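Peer 1: Sequence:
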Amino acid sequence: MFNCSKLAIARKRRQLTKKELAEKSGITAVTLTRLETGKTADPSMETLETLAQVLGYPVDFFFGQSYEELTTDAASFRSLSTMSAAQRDAALAAGQIAFSLAEWINERFDLPAPDLPDLREDDPISAAGSVRNYWGIGYKPIPKLLTLLEAKGVRVFTLAERNKNVDAFSCWKNDVPYIFLNTFKSAERTRFDAAHELGHLLMHRHTPAGHLDGEREADMFAAAFLIPQDDLISHMPRVHSLAQLIEKKERWGVSVAALARTAFNSGLISDWHYRDLCKQMSMLGYRTAEPRERAPEKSTVWQKILGLLWKDGVTKTHIAKELCLPIDEIEALIGPLVATDSTNQVREFKELSLVR
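Number 119 in full-length UniProt numbering belongs to position 119 of the sequence shown; there are no gaps in the numbering.
It is worth saying that the hints were derived from the structure and are not from the lab.
Values in this document were obtained by computation on a predicted structure and should not be read as measured data.
Be careful, since some hints might not be right.
To be verified - In silico DSBU-like links for lysine-lysine, alpha-carbon gap of 30 Å or less: (1) K39 to K24; (2) K316 to K24; (3) K279 to K164; (4) K173 to K321; (5) K144 to K316; (6) K298 to K248; (7) K316 to K298; (8) K298 to K164; (9) K144 to K164; (10) K311 to K144; (11) K185 to K152; (12) K19 to K164; (13) K173 to K316; (14) K24 to K164; (15) K185 to K173; (16) K298 to K144; (17) K164 to K152; (18) K152 to K248; (19) K298 to K311; (20) K185 to K140; (21) K173 to K144; (22) K173 to K298; (23) K248 to K144; (24) K24 to K321; (25) K185 to K279.
Make the full structure from the sequences, and use the hints.
Peer 2: As structure tokens, then:
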């Protein structure tokens, strides 16, 4: 039976208004509205084939069960975001598709169980220290943040929208934490986004998303989590220059801007010196292009899953067909997280027990 909600998801994923889809498909906007609202419950196959061709989705996608809902209130979008409504709706629709993919994976693999403490009563700095202690990682740097998050049961996906304005976001679904990252940003900013979203998952569960205090708290958490103050002072007791910050930032895997801000907040830089550093970073273009950018992190879990599936002759194309999705949606959700050849990455990740 035709599922009207699936048509809306496909349209939102392609960031098309009903008017734009009507123009591209030759189907009237009134007809599209009736289809998306379920008032036309049994459209002709010719109509569905036309929509499928324009949207780049298989016809079978428009049938079957509805996806689990993901609302703006449930997702941790930034309140001061520059995202357009179309970009936000596309990201939410991607989240719904990710839930479907996660369910498909859960039927075949035992993923690490969520192991996140409830830190809703903690302030951001305390929360950062608490989760480090809870996970037994002390105050040392975290070289592989995504691997750590996945080992603690966080499901990590990407938003391959190729636009820096698209925010990372996180949510809880059926007591499972999800993080969606925009890997179009630098590796350092992506790591900070991941830590920011971890802060939301730990401190703001069941809290309305997007409030200003929550965003500030998540930023404070991310800085304290990635750059513990004791480690910062131990390895950079004073700041001499921008060149020093660029050299030292590699220890913590953060942007030079984030390290400068954290050093300022920790009292290692005067107000005047911090303003001067900000001017230098702006003049040199470091706000948009990270100096000495590190290599992007890859997903431990997804590389292992794809490697094991490949041994059974199952590829991302097979997964897409089983889920009635175009392959570009699978690539958008996990492609940037895996190596070009993930089939030979299995041996490294024995500690993440994936039992079929």
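Peer 1: Given the hinted pair K316 and K298, is their alpha-carbon gap at most 30 Å?
Peer 2: Measuring from Cα to Cα gives roughly 17 Å; hence the hint holds.
Peer 1: For the pair supplied as a hint, K298 and K164, confirm whether the alpha-carbon distance does not exceed 30 Å.
Peer 2: holds (19 Å)
Peer 1: Between the alpha carbons of K316 and K24, is the straight-line distance 30 Å or under?
Peer 2: With a Cα-Cα distance of about 29 Å, the restraint between K316 and K24 holds, given a limit of 30 Å.
Peer 1: With the threshold set at 30 Å, check whether the alpha-carbon distance from K279 to K164 stays at or below it.
Peer 2: Since the Cα atoms of K279 and K164 sit roughly 22 Å apart, the hinted pair holds (cutoff 30 Å).
Peer 1: What's the verdict on K185 and K140, does the C-alpha distance respect the 30 Å limit or exceed it?
Peer 2: Between K185 and K140 the Cα gap is close to 25 Å, so the pair holds against 30 Å.
Peer 1: Check whether the Cα positions of K164 and K152 lie no farther apart than 30 Å.
Peer 2: Cα-Cα ~27 Å, so holds.
Peer 1: Regarding the pair K185 and K152, is the alpha-carbon distance no greater than 30 Å?
Peer 2: Holds, because 24 Å separates the two Cα atoms, which is no more than 30 Å.
Peer 1: Regarding the pair K24 and K164, is the alpha-carbon distance no greater than 30 Å?
Peer 2: holds (27 Å)
Peer 1: Is K298 close enough to K311, meaning Cα to Cα at most 30 Å?
Peer 2: Measuring from Cα to Cα gives roughly 20 Å; hence the hint holds.
Peer 1: With a cut-off of 30 Å on the C-alpha distance, tell me whether K24 and K321 pass.
Peer 2: holds (25 Å)
Peer 1: Has the given pair, K173 with K298, been kept, meaning a C-alpha gap of at most 30 Å?
Peer 2: Since the Cα atoms of K173 and K298 sit roughly 23 Å apart, the hinted pair holds (cutoff 30 Å).
Peer 1: Starting from K173, check that the Cα of K144 is at most 30 Å away, please.
Peer 2: Holds. K173 to K144 sits at ~25 Å (cutoff 30 Å).
Hint violations for this structure: none, all hints satisfied.
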